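Visitor: Spelled out from the first residue to the last, the chains are:
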Amino acid sequence: MNAPSNFTFVSSDRRVREDRRFVAGQGKFVADITETGMLHVAIVHGSQTAARIVSIDATRALEMPGVVGVVEGEELRAAVEPLMNGLDTPRVQRYPLAIKHVRYHGEWVAAVVAQTRAQAEDAAECVDVVYETLPNVIDTEEAYKPGSPPVHPAHGSNVLLDRTFNWGDIDSDFAASDHSLSLRVTWGRSSTVPIETFGVVAMWDPWSETLDVRASIQMPKYADQIARALRLPGNAVRVHYDVDVGGSYGVKRGIKHTVLVGYLAMKLKQPVRLIEDRLENMESGDAHGPDRIFDIEVAFNKDGIVNSMKMRAMDNAGAYAGRAPFQLGKPIGAIVGPYRINSVRYQAVSVTSNKAVQEAVRGFGQSPTNYAIETMMDRVAEFVGLDRVEIRRRNFIRHDEFPYLIPSGTRYDSGDYHVVVDKVMKHVDWDGLIAERDRLRASGLYAGIGISACLEPSGGNSSFEPLLNSTNTTTTWMESCRINVDALGHVTVTIHTTSSGQGHETLASTVIGEILEIDPDSIRIVRTDSLTSLPGNSPVGSRMAVMLGGSCFHAANKLKTKMIAIAAKNLGCAVEAVEYAGGAFHARDSNKKLSWLDLVTIAHRNYHLLPEGFEPGLEATNVYQVPTGNELPTADGRVQMYPCHSFEFHCILATIDPDTGKVDLRRYVIGHDCGTVINPHIVKGMTLGGIAHGIGAALLEEFVYDSEGQMLAQSFMDYLMPSSHEVPEVEIVHHCTPSPFTVMGQKGSGESGYLGAPAAISGAVNDAVRALGIRFNRLPMRMTAISDAIAEAKSNNAQSR
Amino acid sequence: MKAAAFDYIRPESLSEAAGLLASHEDARVIAGGQTLVPMMAMRLARPSLLVDIAHIEGLSGIADFGAYIGFGAMTRQAQAEKSTLVATRLPLLAAALPWVGHTPTRNRGTIGGSVANADPAAEIPLVLVTLEGSICWMSADGQGEIVAADLFSGPMSTEMPAAAILTEVRFPVWEGPPIGVGFHEASARRSDFAYVSAAAQVQVDQAGRCIRCTIGIGGALAFPKRLAGASKALTGSQLTAQDIAAGLSEDIAALEIMTDGHASSAYRRRVAGALAARALANARDHARGALR
Amino acid sequence: MKISLDVNGQKRPLDIEPRVTLLDALRDDLRLTGAHTGCEHGVCGACTVLVDDAPARSCLMFAVQAEGSKITTIEALAAGPGELGIIQDAFCATHGLQCGYCTPGMILTAHALLRDNPSPTRAEIVDAISGNICRCTGYGQIVEAIELAAQRLRGANLEAVR
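Protein chains in written order, with my numbering: chain W, 2 to 802; chain E, 60 to 351; chain H, 1221 to 1382.
Mixed in with the good hints, there may be bad ones.
[As the list claims (entries may be wrong)] A few chain H residues that face chain E, going by a derived Cβ cut-off under 8 angstroms, partial list only:
hint	residue
1	M1221
2	E1260
3	H1261
4	G1262
5	T1268
6	A1274
7	P1275
8	A1276
9	M1281
10	F1282
11	A1348
12	S1350
[Unchecked claim] Which bits of chain H does chain E cover? Going by a derived footprint, with three or more residues having C-beta under 8 angstroms, they are:
hint	segment
13	1237-1243
14	1283-1290
[What the hints assert, rightly or not] Capping the alpha-carbon separation at 20 angstroms, the derived lysine to aspartate or glutamate pairs in EDC-like fashion look like this:
hint	chain 1	residue 1	chain 2	residue 2
15	H	K1290	H	E1303
16	E	K141	H	D1272
17	E	K291	E	D344
18	H	K1290	E	D111
19	H	K1222	E	D344
20	W	K29	H	D1249
21	W	K570	W	E580
22	W	K29	H	E1303
23	W	K663	H	D1347
24	W	K146	W	D163
25	E	K141	H	D1273
26	W	K29	H	E1295
27	W	K222	W	E437
28	E	K141	H	D1347
29	H	K1222	E	D66
Just so you know, the hints here were simulated from the structure itself, not pulled from any lab data.
Remember, it's a predicted structure, so these values are computed and weren't measured experimentally.
Heads up, the beta-carbon is just placed ideally off N, CA and C, and yes, glycines get one too.
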């Protein structure tokens, strides 16, 4: 790996310290928590796609064994505030339970509380709900039409967001180009679907007036949102960050679950727990991902140089806004991918429909966008008759052009795209790969090569919020850490968020160990709770290497500076004359030396030896603001989105069984550049896991709805996640282009792999069937659909001969 | 996702079990439970009584009766998978078993349970139909045997009398010259329910000519079906690609294909033909390989 | 219903409803929370335990069915409190996990595989774990962990023979 060689611990082959407890089954997940007197919740789900609730009768349910109570929407509405709405759409209100109307199949209508979950489920079956069916709308383009049945009549239409951005002189660029072409691609609704469902346990202590919340959460401002919704002071909600989260990849944001359970805990004065079961998780956990149609027009020269792009991205948000509209906003920060495209028109459309609600999904809209951009590049290559790698090379931003300002206002930090592609081409033996593809074709299979060159914006902020909602003026998006050295000289670090497998403890200890030159394994990392925390925003937007890493770096340096000042006084020299090495302090001009423990003792016990004005003890805190992105958007909608841009180049050889349509990924190579790697095992795992997730999105996974709004993929027998059989052995080609905007040159990698895999797999499948004259423009590409299309093409071709 | 409440009894004998089923209207037998338990968890099945036959003596085991191999209904699929008797005497079943669920479900799932559940996509019923086997049952009123062709009546339903217990599954053994088998499935992931599956077994003479042939299709239909016409037509042929295509065409065209959201009926018919041809070609090559 | 389960070598008396799955009995009644609830319909493998030494879905069995069988959970695999077994250590060496939710099931599956097949091929490892869905890792480092564990176990056995 090309890691900078001047690090001791950073980039080195060190174990991930979190792993030990998990391999022993000693993780502490939310469902492992029991509290005395804990009650269990089961949900009454709406059985209609769109309906008015005529009546809810819980009489029978309340007579069932173990039942403590039943709550419905009207009761909740009187007691809680609507859930936070990101857009300025005040009439699209969302509560944990349906109010008067159900807007999608399975929506939560009432909640039953009982002594056991089984009893609660027994009683939930006995809550009688009468509905009056209303017209529904499922299809995205139907929903966009004026006059479609409004999901929220008070809002007036199904359009949550419809904004067109013009960045640069699009019309001139189109007029000056040799050619243009248009295309449409569709990204089917899938999600991250962690193996642990969402769960939350809440308990209210009436004596301290505190709501304690333990949840499998990965969500910025979670405690604030709970307090706001439950009308509590912020300091009355304690969210515990030491709960292990069984996978999230963006979606574990059960705010509706938490507000419901928090309300029940306060009302019943007993601990209350809600753990989604798998059916709830899939149908009504409000954790689906983007559901998007892209219409693109692209202008280019005959040499393949792309000059301008018009993109309309229309997303089917589902019944409530959720995080869906913002997932159209974040990709603005990498709207031209790794390419020099002079001007862009981008129309972002988000519509409501009678489908389930979306949540943030890995990449926050970037993977669908990358799929659209990369399909566009393949189509331009085909049009001008250029090799697909060559056209990308011609359009890539060059290494010497960074930092590079794209038309939509983001300055890319760094990149070396040509070199990464060269390394992959060499590794994969490009000519040999083509020969292998042709050999497979000759053997009777459909075979294709797919490539994709994609960016992973990282170091997440929320610039998309003020961009799409002018009432939101947020530019702050911090992360924090606190380092304390105890009187025995041992280092304890507090971090302020939950973990869902990202390895924050390893990250923090590695960075701090690097700066303080002490063994990272000697550093204890503690996850606090929201009442004892510094400000932070949780691990979203591939941000923790950049943000927690940055915070740890600055806190450690602050601590070191403090220690050097103490040392200087006690060594009788100037601060500049103190040399720090391996935890000890030397005066450069004399033989005098202070050990780590000497210094700790002075700080903790010898106030008389401290420099004037120093606080006793040894601690340092840092609240780290996201690098770049500190300004509000301009009037024409330009803004610095995320600070860092990792690069990935995928190269795949795939075959398709000519009869069954099954796609087999025979070779999978990825070139990956995320700047300085903090821990190679973690980055590798993220990349491989992201690719597996991308394989699912490309070939297998979809929350399919029928025309009446029934969700058909309600179990793991219908929602198909890749098993070990479906994921090939992946070869990773490393490259390191440090970011100039971060403390160690690091960039994010939490979404790597996923951001380019669907595009590359689509490219491979389309290359395989090109000779048949057909294209697949929709993900996932199910084997049955592939086979049907091949059969139809063969039949048409036979007839036309 | 918790099952509705039920009672549970572990009878020690078949007659006790049969008596329980006769006296409780919505009682159900549980063997390995790998299909029934998820149905109960989703409350799609809600028996009032589960009669657990796992501990009835004599209901588990694999025995060679010469003309057929008999499997006690409780024989675990994993036990069959590891059995040398199955490997040597029932190569088609041996080829199909790795496709049944996953190792952990095969460790619990039973041969009898798979047949009694009659899932249209299940592999073991397909092999049973293809080999023209049979099952034995008993109830409080008596006992009987049903040949595979008459056993299945629709998705998840059989012609066994109500309140009967499937006690034994019998797979015929082909004696004599070399036999070969082929088994193929089209499924989204290796272990998923098959959109289509095909099983074939052939026997060849010293010249490699097919002297006995059977071919069956599963997954695409309400229940697995043996292609009797094709099986007959291909017997005596050299099983060339042309022979196979010609032999299959009529039966494939006549299949009563089941449709659902997973695969179109055109897909299922087309792929049924393709997989049947592959299974036959594999079986042919396998048998001829054994000649050498 | 009163039953007694043989779990990790101990007799554990229980009084539970027949409808309680083995998974829920282990987790809620015996407080062995290493087996995890993923789908409750037998697909994901997070609840895998060993029943009579063979991997099984504990969500696809009612606890009452398990009476008379030998149940082994992840809690029995560690050499001692704070000490890892060879397979567990191999998962740490290759980082064959992220969130840790599927991990106990994966390790029990690997344990059974390596007991029956000390030198599995990559394809055999892939097949063995195909019933355990991992959403984090893409399986690469899990396969590496099992390969490493197999190598170490073979080495350990050689040591014992010498």
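Visitor: Please write out, lowest number first, the hints stated earlier that are contradicted by the structure.
Guide: 15, 19, 27
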